[in-house]
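Visitor: Following the hints, complete the assembly by docking chain B onto the known chain A.
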Amino acid sequence: MSAASPELVIELRTEDSAAVLGCAPAVLGPIREDAAFRGVLAGVFPNDGRPPQFEIELRLAGAARDRVESIALRAADAPEARYPWTAFEEQALCLVERLIAERRLEPGTRSRWHLRPGAEAPAARRRPRARLRGEPYPLRDAALAAGRAPGAFEVAIAEPVLEAGRKQLLSGGSIESAALLLGRLYRDPRSGAARLVVLDQVELAPGRGGASLTHFALDARSFADAARVARARSGLDLAGWLHTHPACADCARKPECARDTVFFSTDDYQVHASAFARAYQVALVVGKLGDRPASAPGFRLYAWDAGRISELDFQVED
Amino acid sequence: MQRTEDKEPIRLSVTDWNQTRSVDLDEVDPRATIGELVAEAVQALGLPRGTVFQALCDERELGLAGTVAELGLRAGDAIRLIPEVRAG
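From first to last, the protein sequence lines are chains A and B.
For the first sequence, position 189 (counting from the first letter as 1) is numbered 181 according to this note's numbering, and the numbering increases by one without interruption.
For the second sequence, position 2 (counting from the first letter as 1) is numbered 1054 according to this note's numbering, and the numbering increases by one without interruption.
In isolation and in its complexed conformation, chain A is listed as follows (with noise of 0.2 Å):
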């Protein structure tokens, strides 16, 4: 068992497993925020910004005991916390995407991946001691409706933040914008529920790389811009992030079109994970349907969970 992080690596085979088609270094940020996050609501730890100390077990399996089959985090006084090898799945599916890019991958490859524990590469001086430390969340208390499991999450947008969402993808034609999303964390005390309600935005410039039909690009100006706007209006945290994904020229003429652009991509992933890591902070995809024209759009809504990014739906507050 070790405090620090174990290293872990993301390992993409062949199907039949003969060749290593390319490795990355697992993450566990996700699933440490996850396991800190859901003790603070469930009360196990002090909302003060410091991160729990947690031990890490690997349950390895296989028959050289080389793949990591769940991971434990533990922490004095409070339940274990255990996440599958699955949990690094879009990690994974970001290693594929990345060999694709480089063209070490055909598009269409099967494969399969696994995660192993690895060696820590020697470094070439000696490393700096680091510490972490970090905000509170910004939790509110407040008494949410009964019938709220421990430790259940949901959330609220607001109208106008939803109206805003698509005047932005109308306005922006075939390119794609996007926007920061401010809102309020409230806690249950009683139940340990937590409830995020998004109640503005405001939009991002796009960075040196641009944006496009297919892609919206984010560097320091963007964020810096973006984050000054929001540090004015006092009272509101950082909910997440919205951006558009617009709808095909075909889609715009032909109403009965079924193409459907609402998804997180991997690139997505990569955004969300890098700006957006806290546990409750949620990533909102405006778009068009399959179901609708591409005048109507839609929202699809996805959040942390468990250490990996999945679909939540969420209420509309006027």
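Be careful, since some hints might not be right.
What the hints assert, rightly or not - No farther apart than 20 Å at their CA atoms in a straight line, the calculated lysine to any residue pairs in the SDA-like style are these:
1) B:LYS1059 to A:ARG119
2) A:LYS159 to A:GLU89
3) B:LYS1059 to A:LYS159
4) A:LYS159 to A:ARG118
5) B:LYS1059 to B:ARG1101
6) B:LYS1059 to A:ARG118
7) B:LYS1059 to B:GLU1088
8) A:LYS246 to A:ARG284
9) A:LYS246 to A:SER163
No wet-lab data here; the hints were simulated from the structure.
Please read all numbers here as calculations on a predicted model, not as lab measurements.
Guide: Frame of chain A, contents of chain B only:
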């Protein structure tokens, strides 16, 4: 000639873009590159290692190949990590 103080390890902090989480790096070798510190902080903060991060100190962008000493960073300086990402 290298100044004496350039050889002394210093303490720096690195924060995420929204300054909600940070990592204090103690005993940073002034010969360490910003890229090495960014990699250290990205690992400690649990951020994706495949993402490119810009490093800013105040509003100044720090080149990843530059060293702590070359860029004139001082004990107590805070580096902010801003992801350079593309939504799809």
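Visitor: Confirm or reject each hint.
Guide: Results for each hint:
1. B:LYS1059 to A:ARG119: Within the cut-off at roughly 15 Å; holds.
2. A:LYS159 to A:GLU89: Given pair LYS159 of chain A, GLU89 of chain A is violated - Cα atoms ~31 Å apart, limit 20 Å.
3. B:LYS1059 to A:LYS159: Outside the cut-off at roughly 56 Å; violated.
4. A:LYS159 to A:ARG118: Given pair LYS159 of chain A, ARG118 of chain A is violated - Cα atoms ~53 Å apart, limit 20 Å.
5. B:LYS1059 to B:ARG1101: Violated, at about 29 Å.
6. B:LYS1059 to A:ARG118: 14 Å, holds
7. B:LYS1059 to B:GLU1088: 17 Å, holds
8. A:LYS246 to A:ARG284: 11 Å, holds
9. A:LYS246 to A:SER163: 18 Å, holds
When the structure is compared with the earlier hints, violations turn up for hints 2, 3, 4, 5 and for no others.
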